[in-house]
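Engineer: Next come the chains, spelled out residue by residue.
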Amino acid sequence: MNKLKKIWFGLIILGIFFSVVNNKVEIVNEVLFTDLQESIELVINLISVMAFWMGLMRIAEKSGLVKNLSKLINPISKILFKEISKAPKALNAVVLCLAANMFGLGNSATALGIKAVQEMQKLNSNKKRATNSMCMLLIINMSSIQLLPLGIIKIRADAGAINPTDIMVPTIITTTISTITGILCAKYFERRGE
Amino acid sequence: MVNVSDYIIPIIIAVIMTYGIIKGVDVYSEFINGAKDGIKTIFKILPYIIAIFFAINLFTKSGAENFVIKIISPIANLIKFPPQLLSLVIIRPLSGGGAYGVVKNLLDSYGADSYIGRCAAVMMGSAETIFYTAAVYFGAIGVKDSRYTIKAGLISHVAAIAAALVICKIYF
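Chains as they are written, first to last, in my numbering: chain Y, 1295 to 1488; chain S, 20 to 191.
By construction, these hints were calculated from the structure, which means they are not laboratory data.
Because the structure is a prediction, the values reported are computed rather than measured.
Glycine included, C-beta positions come from ideal geometry on N, C-alpha and C.
Label pairs and their computed distance ranges (CB to CB):
id : chain 1 : residue 1 : chain 2 : residue 2 : range
1  : S       : P66       : Y       : V1315     : 27 to 33 Å
2  : Y       : K1372     : S       : L97       : 40 to 46 Å
3  : S       : S133      : Y       : K1376     : 41 to 47 Å
4  : S       : A181      : Y       : T1459     : 20 to 26 Å
5  : S       : D25       : Y       : N1362     : 24 to 30 Å
6  : Y       : N1368     : S       : F191      : 36 to 42 Å
25 Å max Cα-Cα, derived SDA-like pairs, lysine to any residue:
id : chain 1 : residue 1 : chain 2 : residue 2
7  : S       : K59       : Y       : Q1415
8  : Y       : K1376     : S       : K163
9  : S       : K99       : S       : S133
10 : Y       : K1416     : S       : K59
11 : Y       : K1422     : S       : P66
12 : Y       : K1448     : S       : S133
13 : Y       : K1422     : S       : G161
14 : Y       : K1361     : S       : K42
15 : S       : K123      : Y       : V1463
16 : Y       : K1300     : S       : G82
17 : Y       : K1299     : S       : F86
18 : S       : K55       : Y       : P1382
19 : Y       : K1372     : Y       : N1426
20 : Y       : K1297     : S       : D164
21 : S       : K188      : S       : V177
22 : S       : K55       : Y       : A1381
23 : Y       : K1361     : S       : I40
24 : Y       : K1422     : S       : G158
25 : Y       : K1380     : Y       : Y1482
26 : S       : K63       : S       : G158
27 : S       : K63       : Y       : F1327
28 : Y       : K1421     : S       : G158
29 : S       : K123      : Y       : N1457
30 : Y       : K1356     : Y       : P1369
31 : Y       : K1421     : S       : A70
32 : S       : K170      : Y       : I1306
33 : Y       : K1416     : S       : F62
34 : S       : K163      : Y       : N1418
35 : S       : K80       : Y       : I1310
36 : S       : K59       : Y       : R1423
37 : Y       : K1297     : S       : Y167
38 : S       : K59       : Y       : V1337
39 : S       : K170      : Y       : E1377
40 : Y       : K1299     : S       : N85
Let the sequences and hints guide you as you build the complete structure.
Structural biologist: Take a look at the structure:
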């Protein structure tokens, strides 16, 4: 069984088990009929963003902008995304995805990230198995590379912080440490051939 | 405060459009073609989003985290980890919205300028949802074997937690 399948199954069975044990089995219905609708709202919000970025990226590809940009970042991409360092379309989506993440543009980042893995999949010889570049992109995204944590600054302001933005520098340091850790782990597992 | 994120998208759009026009690209039809692909992609990821959303919400609402907290709290005590932050540590990789709720509660109960409040805010900002990201990205392209992605994501999550605790202590 693959990992995602195991995790998915585990979360559901544990969820049902504990909702019974904690005497709140009604949450199963609540999740099914209320929360799942929220997930559809999330997807609907994503439709326009996804269509927009895919459309814009198509223009960038046709104009040759993508090729030029990918040459620019070649030194970095050779290290982090070796398999796709000669695939401008994939690289460009990666760069824009990471940029969108840095600036906290969540939906755009998701759309561009999906575009990036789609391009990577075209070069993948085993379509069922993730490539090193896919793993690297996901791991960098998972470790968060956001420079402006606006949402958090806002809830700190709401909670009466004297200087709501004073967590910015520690957040950037922390997220840099976690991203570097993620990259090193990815490289280590990659070398071990996992 | 000037918000840089407000400028980044307009600049990207203007550059891509202008460059396209200069190079003689049929910008309108190409945009439509790309947008069509985008909409197809959305329908591809929809089942994955529904599946993972159901599992995560069920787990987080069932009170299962309290059980996990019970298991890991002896270890947490041993390394002097603040017990107030355990719930956030568990929820953060699962659900962004859920984690926001936890941080809000912590800020209200301990104060936004307390050590706990600041640590929670930094942890919130330096991590992302792990399982959701993996399910959506890999779902979109039909990859079944995620290899070491989740493992490495969890390790970087642990690194973020440790770094947040230490850096908040030194910085403030």
